[in-house]
Structures are given as C-alpha cells and as structure tokens.
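When we follow our numbering, the leftmost residue of the sequence shown carries the number 218, and every step to the right adds one.
The set of hints was computed from the structure by calculation and includes no laboratory data.
Only a predicted model underlies this, so the values are computations on that prediction, with no experimental measurement involved.
Where hints are given, some of them may not hold.
Unchecked claim - The list that follows gives simulated cross-link-like pairs (lysine-lysine, DSS-like), each with its CA atoms no further than 25 Å apart:
#1 Lys325 x Lys314
#2 Lys371 x Lys384
#3 Lys353 x Lys314
#4 Lys325 x Lys242
#5 Lys294 x Lys314
#6 Lys314 x Lys304
#7 Lys353 x Lys325
#8 Lys294 x Lys353
#9 Lys242 x Lys314
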Amino acid sequence: MGGDVFVPSALIASAGNNANEYLAKHVAELGYLRPTIVASGGEARRRMGDIDFEVVIINTPLPDEFGHELSTYAVEKSNAGVILLAKAGTADQISDKLQQHGVLVLAKPFTGVQFRQAVQMAAACCRRLDYLRQEKIAQIRLVDRAKCYLIEHKGMSEAEAHRMIEKTAMDTRRDRAEVAAEILEEE
Numbered sequence: 218m219g220g221d222v223f224v225p226s227a228l229i230a231s232a233g234n235n236a237n238e239y240l241a242k243h244v245a246e247l248g249y250l251r252p253t254i255v256a257s258g259g260e261a262r263r264r265m266g267d268i269d270f271e272v273v274i275i276n277t278p279l280p281d282e283f284g285h286e287l288s289t290y291a292v293e294k295s296n297a298g299v300i301l302l303a304k305a306g307t308a309d310q311i312s313d314k315l316q317q318h319g320v321l322v323l324a325k326p327f328t329g330v331q332f333r334q335a336v337q338m339a340a341a342c343c344r345r346l347d348y349l350r351q352e353k354i355a356q357i358r359l360v361d362r363a364k365c366y367l368i369e370h371k372g373m374s375e376a377e378a379h380r381m382i383e384k385t386a387m388d389t390r391r392d393r394a395e396v397a398a399e400i401l402e403e404e
C-alpha cells in the first residue's frame with residue numbers, strides 16, 4: 218500500500234451549462250479531474266463547509282446572488298484560491314475591492330490560456346498559504362517543546378519559560394523558533 222496521493226479539488230459556482238463545460242474542461246487540463254459544479258451561491262457555501270477546495274471559481278452572475286459576496290465568503294471561510302469571473306465593465310468596477318480581500322478577478326471574455334493561468338495563480342496562493350500555516354504550526358510546536366524542557370529541567374514556571382524565550386529572542390534579534398531550537402540542543 219502506497220501513501221495517500223493528493224488530488225487537488227476545485228469548486229465551480231456557475232449557472233450556465235456551456236460555461237460549466239468550458240470551465241470544467243480547462244480545470245481538468247490542470248489536474249482537477251472531477252470539479253464540483255454548483256449552480257448557486259447557497260449551494261457553493263454548503264459544499265465549502267464539507268470539502269477543502271484548493272480553488273474556488275465563481276462565474277457571475279449567479280441566480281441567487283451576483284457572486285462577489287460568495288468570493289469574500291470563500292476567502293474568509295476557506296484556504297482556497299478564489300477566482301471571480303465577471304463581464305469586463307463589472308470586473309473593472311469591483312476588482313480593486315475584491316483583490317484587497319485576496320480574490321483574483323478575471324474579466325470576461327478571456328482566453329483558455331488566461332483562465333488556466335488564473336487557476337494556476339490561485340492554486341499557488343492556496344499552496345503558499347498552506348505552507349506558511351504548516352511552518353507556523355511547526356514553530357509553535359518547537360517553542361512549546363522548549364518551554365516544556367525549561368519547565369521540566371530548569372524548574373521554571375510556564376510564564377518564566379515563555380518570558381525567557383521571548384526576551385532572548387528580542388535581545389538577540391532572532392525569532393522565537395531559533396531560540397527554542399538552541400534551548401533544545403542543550404538536552
């Protein structure tokens with residue numbers, strides 16, 4: 218038995234059958250073989266609660282909302298890279314505000330190459346955020362291990378151990394993880 222294979226997942230919120238086929242075809246070329254396709258913002262929100270998508274694509278307008286609300290919801294509630302597809306005039310009006318939230322806005326009409334590049338950029342953002350999140354978790358664990366070492370072997374309280382790591386990091390202009398690693402090397 219081999220290890221788990223990562224299969225990227227994509228959510229497409231779009232009400233038009235022709236558009237759905239076009240978008241699904243292009244995301245499949247990028248490795249999203251079975252994208253989840255929904256026809257409304259409400260259904261997209263329900264699906265985001267069940268599955269961690271790497272990419273969320275919103276083809277505006279949707280029958281129950283325009284789609285910009287869904288795009289900001291997707292950024293706030295998931296780790297996915299989010300792309301909003303809107304007619305050129307509308308895209309120009311809303312892109313500045315949505316990009317501040319981390320939404321990539323692509324003006325319609327667009328070419329297949331432009332669309333695939335947007336999907337790749339959104340996926341790269343998702344992966345980068347995931348990497349940073351994992352790195353941060355690893356640093357927190359390292360600092361916690363160093364605190365435990367100081368408590369168990371140096372007789373410090375948790376507050377004293379925390380303060381010692383923080384103060385050493387500030388005094389030596391290093392991050393807490395470096396100081397923690399140094400402490401653990403003393404073991």
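Structure-based check of all given hints:
{"no.": "1", "hint": "Lys325 x Lys314", "result": "holds, 18 Å"}
{"no.": "2", "hint": "Lys371 x Lys384", "result": "holds, 17 Å"}
{"no.": "3", "hint": "Lys353 x Lys314", "result": "violated, 28 Å"}
{"no.": "4", "hint": "Lys325 x Lys242", "result": "holds, 17 Å"}
{"no.": "5", "hint": "Lys294 x Lys314", "result": "holds, 18 Å"}
{"no.": "6", "hint": "Lys314 x Lys304", "result": "holds, 16 Å"}
{"no.": "7", "hint": "Lys353 x Lys325", "result": "violated, 38 Å"}
{"no.": "8", "hint": "Lys294 x Lys353", "result": "holds, 19 Å"}
{"no.": "9", "hint": "Lys242 x Lys314", "result": "violated, 29 Å"}
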